[in-house]
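Going line by line, the protein sequences match chains A and B.
Each residue of the first sequence is one higher than the one before, counting from 1 in the numbering used here.
Each residue of the second sequence is one higher than the one before, counting from 1 in the numbering used here.
Please note that a few of the clues may not be correct.
As the list claims (entries may be wrong) - Label-pair distances were calculated between CB atoms; the ranges are:
#1 Pro32(B) with Ala142(A): 37 to 43 Å
#2 Ala83(B) with Gln139(A): 17 to 23 Å
#3 Ile17(A) with Val127(B): 25 to 31 Å
#4 Asp51(A) with Arg107(B): 33 to 39 Å
#5 Glu113(A) with Phe176(B): 37 to 43 Å
#6 Met197(B) with Lys251(A): 33 to 39 Å
#7 Leu99(B) with Arg43(A): 41 to 47 Å
#8 Val116(B) with Gln139(A): 16 to 22 Å
#9 Leu53(B) with Arg43(A): 35 to 41 Å
Unchecked claim - Covered stretches of chain A (in silico footprint by chain B; criterion: 3 or more residues with CB under 8 Å from a CB of chain B, positions within the stretch not fixed):
#10 142-155
#11 260-266
If you're looking for bench data, these hints aren't it; they were derived computationally from the structure.
Think of the CB as a built atom: it goes at the ideal place given N, C-alpha and C, for glycine as much as any other residue.
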Amino acid sequence: MRSATVKTEHANLGQAILFLAVSGVILAGIFLSRRGRQLFIRRIPGLSAIDESIGRATEMGRPILFTFGLAWIDIVSMQALAILSHIARLAARFGNRLIVPLADVPLYTLAEEVCREAYAAEGKPEAFNPDDIIFLSDQQFAYAAGVIGLMHREKVATAFYFGYFYAESLLLAESGQIAGAVQVAGTPATTQIPFFMVATDYTIIGDEYFAGSAYLSREPTLVGSLVGQDVGKGIMLLLIVAGTVLAVLNKIMPGIFTQNYLAKWLGG
Amino acid sequence: MFGPKHGAELWVYIGATAAAFVAVFAVLHWLPVRFKRWLVVVCAFLGGLFYSLEYYLPAKHRWFPGGENPLSPLVIPMGNAVAVVSGFALALGLINLGLVHGRNIARARPGWYNSVAFFVALISMIVFGLWQSYVPDAARAAGLGLSGRQVHRVYDVLFNGLFQPLGATLFSVLAFYIASAAFRAFRIRTAEAAFMMVSAFIVMLGQVPVGQWLTQGLPTSVGNPLHYLRVENAANWLYSTWSMAGVRAVDFGIAVGALAMALRVWLSLERGSFFEVRESKK
């Protein structure tokens, strides 16, 4: 049987070079950091608030809730898992109860393993309760209803929202507010960031989300990648400025600058 | 190899796949953690390499056999394989739900009756959902001594009469939450909050007829500078120029951050989630 031609998207040369350049800068940051170069990370209030929020739950003797939203296994949830690992270790250390409701089954298995290992690493494997890592539903509002119910029934002191969220973001954050929880949220879903900003105490915006594991662990590889990531953003900024200048020149001197060469090179 | 199969060939493929799965899981189960780590590292690297090469190599080039990107035809089978593996995980979710709610009932924990409701809902939806799919016509149902129409009606009540309205109810609560969140956000305590309040007020006015009515006397022609003071135009300017610029800036940051994270996962440089803990115990 003859297979039909599969049409998939492909990068052009400009995009491939840009990818290699930004990747190269990130890897260079990792290399420098691993060789012992001290790299600076600015303070990110939302990430600093994670430890304080866990401390509050300890003082109040009430549970912590961590939700991934409707995230599935991808880069977003990988970062959230790294943050969950940090939170689970602190919860184990201070004897907090950590509740993790999930909407994605493969992610549920990973989250359970991450929490189990975090409790074991703190020398308290017996304190881990598998019943607290709960798959609720993969249906958006059924999941939201489940999490809201948990927040009110268990009277959570702290709620963490790290993952991918849709319309349920405000339902969860407002319910957490009503339940009196201190809330820290971080998501790359730009449409939901405003909702978290108004309804939670600390919001992690944009690429700060992907700085989470580096900021919390201060592990040289991650710190180096974070600094490389900032240099990568600098490259993007330079390209935006250059593209804007070329677009203006194309408008005011069409005879000389016949087109926006940069946009064409990058496939625009 | 990845085309549809029929008859005996189909059963051979199903049997071979099941045997391969059992063999792979048995090997994975017995491998020491150190080798499992290497297996994960190699699989992550090969998976990332496949998708990167497929995307960054051109669709057509004279160096490729047949002139076309040799990896592109494998994209769909790879995606299907991932979907199948994810499908297996669904059983894990059901097992977790069953265990959690089963223990609630067995130990008569507070609210145990909610867990009974869960089992009733789960079993009902499975039974009537499968019935709906596999006994679609009344004649076949009658052959089994059952009334198909009545069973379909039960499914209708469960799904369209209960599940959907419950979801819609929760969604509608969002309107009230937006109002309460907006009330807190718009309390003017700082210059930034005042800016946001004024901007939001203009954008909201621009969305409703009364806002457009307020500035209806201003010119509509684009050549007249006063045209920009019409509420709908001011709202559009705030939304599509200022707000959009901010959103795009955030999106750029997210894209670069995601690239850095993807590189770390691809090259297994991301620590702290899983293996670091296991290794630290050794």
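Exercise. Do the beta carbons of Ile17(A) and Val127(B) sit within 25 to 31 Å of each other?
Worked result: Since Ile17(A) and Val127(B) have Cβ atoms about 58 Å apart, the given range 25 to 31 Å is violated.
Exercise. Honestly, do Met197(B) and Lys251(A) meet the 33 to 39 Å range at C-beta?
Worked result: holds (36 Å)
For this session: Go ahead and decide if the range 35 to 41 Å is satisfied by the Cβ distance of Leu53(B) to Arg43(A).
Result: Holds - the Cβ-Cβ distance for Leu53(B) and Arg43(A), about 40 Å, lies within 35 to 41 Å.
Exercise. Residue count check for the segment 142-155 of chain A against chain B: does it reach three with CB-CB under 8 Å?
Worked result: It holds: at least three residues are needed, and the segment 142-155 of chain A offers 4 whose Cβ sits within less than 8 Å of chain B.
For this session: Could you see if the CB distance from Ala83(B) to Gln139(A) stays within 17 to 23 Å?
Result: Since Ala83(B) and Gln139(A) have Cβ atoms about 19 Å apart, the given range 17 to 23 Å holds.
Exercise. Measuring from beta carbon to beta carbon, are Leu99(B) and Arg43(A) in 41 to 47 Å?
Worked result: Check passed, 42 Å falls within 41 to 47 Å.
Exercise. Do the Cβ positions of Val116(B) and Gln139(A) conform to the proposed distance bound of 16 to 22 Å?
Worked result: Holds, at about 20 Å.
Exercise. Do the Cβ positions of Pro32(B) and Ala142(A) conform to the proposed distance bound of 37 to 43 Å?
Worked result: With a Cβ separation near 41 Å, Pro32(B) and Ala142(A) satisfy 37 to 43 Å, so the hint holds.
Exercise. Between Glu113(A) and Phe176(B), does the C-beta distance stay in 37 to 43 Å?
Worked result: holds (38 Å)
Problem set entry | CB-CB spacing for Arg107(B) and Asp51(A) relative to the 33 to 39 Å hint | holds (34 Å)
Exercise. Do three or more residues of the segment 260-266 of chain A come closer than 8 Å to chain B, measuring C-beta to C-beta?
Worked result: It is violated: at least three residues are needed, and the segment 260-266 of chain A offers just 0 whose Cβ sits closer than 8 Å to chain B.
This entry does not satisfy hints 3 and 11, going by the numbered hints stated previously.
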